[in-house]
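Between the sequences and the hints, there should be enough to build the whole structure, so can you do that?
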Amino acid sequence: MQNSETGTVRSAAPRILVLGATGGTGRLIVRQALDRGYDVAALVRSPEKAAGLDGATLIVGDARDGTVLRRALQGRDAVVSALGTPASPFRGVTLLSSATRALVDAMKAERVGRLVAITGIGAGDSAGHGGFLFDSLIFPLLLRKVYADKNRQEAVVRESGLDWVLVRPSVLNDKPGRGTIRALTDLSDFRGGTIARADVARFVLDQLRDGTWTHRAPLITW
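Convert by adding 14 to the 1-based position in the sequence shown; the result is the number in the working numbering.
Since the hints were made in silico from the structure, they are not lab data. Quick caveat, the model's predicted, so the values are computed rather than measured. Misleading hints may appear alongside valid ones.
Below, a list of computed lysine-lysine pairs in the DSS-like style, where the Cα atoms sit at most 30 angstroms apart [what the hints assert, rightly or not]:
no.	residue 1	residue 2
1	LYS63	LYS122
2	LYS159	LYS63
3	LYS159	LYS189
4	LYS63	LYS189
5	LYS159	LYS122
For each label pair, taking beta carbons as the anchor points, the in silico distance ranges come out as [claimed, not checked]:
no.	residue 1	residue 2	range
6	ASP119	VAL74	17 to 25 angstroms
7	THR226	GLY206	22 to 30 angstroms
8	GLU62	ARG223	28 to 36 angstroms
9	ARG85	PHE146	33 to 41 angstroms
10	LEU151	THR226	28 to 36 angstroms
11	PRO190	ASP119	37 to 45 angstroms
12	GLY89	SER150	30 to 38 angstroms
Ideal Cβ placement from N, Cα and C applies to all residues, glycine included.
So this is what it looks like as structure tokens:
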């Protein structure tokens, strides 16, 4: 059940669908959601990739397939997208935007209104705030095409008409979470930064019950 004004999920045990559940951050989102008592479904490409997602309902299929998405969304209150794609220095990337476009259409068809989607530092107006190494080497040499698609993905979300939050983590690490983060939209004095995947997962799940960042794109960092 959702609050019609903010899109936040009000049910005692939110029923969520997680895309990108087999990635490093996606797995933590699933685990933390289950620990909170949420009813979690995970869309995965194959059962073999889903090892360790015990407790989640698995739906096997392609995240770009509208029929699969509609089936996965049945009975859900909200969606968390942790979709990612490897660095692609030479070939164009379309997975993120095409999957998100299919997801938005399926969410509208199934009347699921809340979407929290992870993109990353370097998307939209956070470009140029990743610090010297990220902005000067990693981004232009390895991630330029990936982030072109992240920008298309963000545009799809912004234009969706859904109750959405775009979460842009700074550079990810696998350290233990600190439990405290900064969420920023004014990046004028920000350069660089890092954050644990565990803290990203916590922030993302918090957005299902908190409307503070609805229709906004905070950069989160330590």
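Results of checking the hints against the structure:
The straight-line distance between the Cα atoms of LYS63 and LYS122 is roughly 28 angstroms, inside the 30 angstroms bound, and the hint therefore holds. Under the criterion of a C-alpha separation no larger than 30 angstroms, the hint pairing LYS159 with LYS63 is consistent with the structure, at around 25 angstroms. As the CA atoms of LYS159 and LYS189 are separated by approximately 28 angstroms, the hinted pair is consistent with the 30 angstroms bound. Between the alpha carbons of LYS63 and LYS189 the distance comes to roughly 23 angstroms, so the proposed pair stays at or under 30 angstroms and holds.
At roughly 29 angstroms between alpha-carbon atoms, LYS159 and LYS122 fall within 30 angstroms of each other, so this suggested pair holds. Checking the proposed 17 to 25 angstroms range against ASP119 and VAL74 shows it holds: the Cβ atoms sit about 20 angstroms from each other. Distance hint for THR226 and GLY206: a CB-CB separation of about 25 angstroms, consistent with the stated range 22 to 30 angstroms. Checked against the given bound of 28 to 36 angstroms, the beta carbons of GLU62 and ARG223, roughly 33 angstroms apart, stay inside it.
Checked against the hint of 33 to 41 angstroms, the C-beta distance between ARG85 and PHE146 comes to roughly 46 angstroms, which is inconsistent with it. Separation of LEU151 from THR226 is about 34 angstroms and conforms to the stated range, judged on CB atoms against 28 to 36 angstroms. PRO190 and ASP119 have their C-beta atoms about 38 angstroms apart, which keeps the hinted 37 to 45 angstroms range intact. Checked against the hint of 30 to 38 angstroms, the pair GLY89 and SER150 fails, with Cβ atoms roughly 47 angstroms apart.
Taken one by one, the earlier hints fail for this structure at numbers 9 and 12, listed in ascending order.
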